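One letter stands for each residue in the lines below.
There are 4 protein chains.
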Amino acid sequence: MAMQNPPAALTREKLEQVIEISPFTRWVGTRITHFEPGRVNVEITAREEMNQHHGFSHGAIVGYLADTVCAWAAASVAGDVVTSEYKINFLSPAIGNVLTASGTVIKAGGRQVVARADVYAVKDGVPKICATALATIARV
Amino acid sequence: MAMQNPPAALTREKLEQVIEISPFTRWVGTRITHFEPGRVNVEITAREEMNQHHGFSHGAIVGYLADTVCAWAAASVAGDVVTSEYKINFLSPAIGNVLTASGTVIKAGGRQVVARADVYAVKDGVPKICATALATIARV
Amino acid sequence: MAMQNPPAALTREKLEQVIEISPFTRWVGTRITHFEPGRVNVEITAREEMNQHHGFSHGAIVGYLADTVCAWAAASVAGDVVTSEYKINFLSPAIGNVLTASGTVIKAGGRQVVARADVYAVKDGVPKICATALATIARV
Amino acid sequence: MAMQNPPAALTREKLEQVIEISPFTRWVGTRITHFEPGRVNVEITAREEMNQHHGFSHGAIVGYLADTVCAWAAASVAGDVVTSEYKINFLSPAIGNVLTASGTVIKAGGRQVVARADVYAVKDGVPKICATALATIARV
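Chains as they are written, first to last, in the numbering used here: chain R, 1 to 140; chain G, 1 to 140; chain S, 1 to 140; chain X, 1 to 140.
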């Protein structure tokens with residue numbers, strides 16, 4: 001859902017600055033690949049230390065991506081936000097050298113923003129959905 | 001809920017072996033502090049590289065702990081499992097040098113196990129709840 | 001997501017028969033408005049006895065619609081199913097004389113189907129989204 | 001969690017008055033069986049028109065009970081509230097002539113309250129858990 005960019009909203013430039021001072025986000029190596037009010041996409045390069053015992057990316061990384069794009073999509077319309085809660089369904093193992101995630105605002109209310117995310121594992125250039133999430137992000 | 005330990009269930013010894021071959025779980029430094037059929041507790045030492053930009057442990061780490069104790073509590077009664085989905089509510093910032101999590105099986109069905117988790121941040125020895133979660137774990 | 005209609009899948013005719021023997025579904029007055037493998041839409045006429053104290057349709061009716069279209073969309077590809085769990089976000093009051101809901105299968109796995117739903121309140125012919133949900137539906 | 005009853009909180013008397021003007025709640029026949037700040041229990045008598053096609057109480061009724069006790073438990077500490085979202089896991093069929101539900105506040109924050117609920121079906125006087133839920137309730 002395309003949205004106007006109100007004064008309080010986070011810009012891409014500001015978000016890049018937040019990433020610089022976010023240790024875990026930097027450890028993961030999160031890169032913004034799309035940014036518009038109400039929609040943010042990211043990607044990461046999967047590394048071995050992110051894996052679980054079957055050799056896939058751990059669900060924690062998938063959950064991180066889902067939460068992150070929901071929060072950033074919310075911030076793109078609402079400025080400072082914090083995740084209240086999310087629910088995530090794992091759909092298939094995260095097998096791939098790249099993981100991408102797309103977050104979309106469904107409703108931006110006065111005090112909270114509801115957003116959804118899809119996470120994909122990209123193997124040999126082919127993306128496959130591995131999780132979908134629904135989140136409530138609070139304005140702060 | 002205390003439960004019998006059926007033949008297929010994961011033992012603590014087997015779980016410790018799984019941890020050894022789980023890169024992300026080792027990166028986090030997850031330690032089992034309690035293990036009985038239907039209930040598993042863990043703790044980790046919070047490190048700077050796990051933080052978000054305000055200096056607290058990132059929600060991804062909190063989510064990891066919630067998912068992990070739900071899955072391990074489920075495995076303690078059901079053996080091999082995989083997380084189908086979970087929902088997590090963040091209750092307060094994860095401020096503390098140690099994080100703990102407790103997972104409890106609510107219902108172990110024929111094909112899936114429902115479990116809940118609480119995550120605590122321990123600061124100066126005082127635990128404060130920072131998240132609660134409800135998960136569906138599938139038998140495999 | 002359009003899907004093939006496997007032998008075990010529920011047909012619209014069979015679903016209409018199930019509705020006939022489902023007291024609560026009949027009490028609500030649920031009508032199927034679209035049926036294809038992987039996607040089912042319904043509508044109901046809001047009645048006063050379905051309301052909460054502010055005069056809107058009660059969240060229980062909205063939740064019913066979300067759960068129903070997720071389960072029926074899942075049944076349209078998987079046959080007999082039962083709802084394992086769902087999560088619903090309420091986005092705006094359900095104000096309108098008609099409520100509609102659309103359920104879509106996101107992933108049909110071997111043992112469970114993940115589906116999402118949107119619920120709309122239609123006032124003066126204008127639909128407004130009032131809830132969105134994400135559900136796990138188990139094959140039986 | 002026992003809590004102080006702040007000035008803005010809903011009293012049992014006020015809640016009984018709200019029930020009187022809530023058509024769906026009256027249709028269900030909801031009775032408060034316990035009320036203290038942070039914890040509310042209710043019960044209903046299951047009727048045939050609440051059933052799904054297998055002759056159990058419909059999940060919509062179970063979901064209604066879970067949502068209701070979460071919202072009322074939240075109101076008992078926070079006054080006027082509205083459900084933002086909830087997630088419910090169905091654990092067993094709701095078979096019984098009475099259904100009960102218990103809602104408990106986990107955390108009452110400045111703008112939202114997180115609560116959990118358990119729903120039981122009582123058959124021949126024996127309660128069996130049929131669902132558990134986790135909800136975010138917003139102050140209004």
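By construction, these hints were calculated from the structure, which means they are not laboratory data. Given the structure is predicted, the values throughout are model-derived calculations rather than measurements. Treat the hints with care, since some could be wrong.
Repeated chains share a single entry, so a pair holds when one copy, or any two copies, can fit it.
Straight-line alpha carbon distances no greater than 20 Å define the calculated PhoX-like cross-link-like pairs of lysine-lysine that follow [claimed, not checked]:
#1 107 - 14
#2 123 - 14
#3 128 - 14
#4 107 - 128
#5 107 - 123
Evaluation of the provided hints:
Taking the closest pair of Cα atoms, residue 107 and residue 14 never come within 20 Å of each other, the shortest separation being 22 Å inside a single copy and 32 Å across copies. With identical chains, the CA atoms of residue 123 and residue 14 are never at most 20 Å apart, being 31 Å at best within one copy and 31 Å at best between copies. Proximity of residue 128 to residue 14 under the C-alpha cut-off of 20 Å is found in neither arrangement, the shortest distances being 31 Å within a copy and 32 Å between copies. Proximity of residue 107 to residue 128 under the C-alpha cut-off of 20 Å is restricted to the inter-copy arrangement: shortest distance 11 Å between copies versus 26 Å within a copy.
For a Cα distance limit of 20 Å, the shortest separation of residue 107 from residue 123 across copies, 19 Å, qualifies, whereas the shortest one inside one copy, 32 Å, does not.
Hint check: violations occur at hints 1, 2 and 3; the rest are consistent with the structure.
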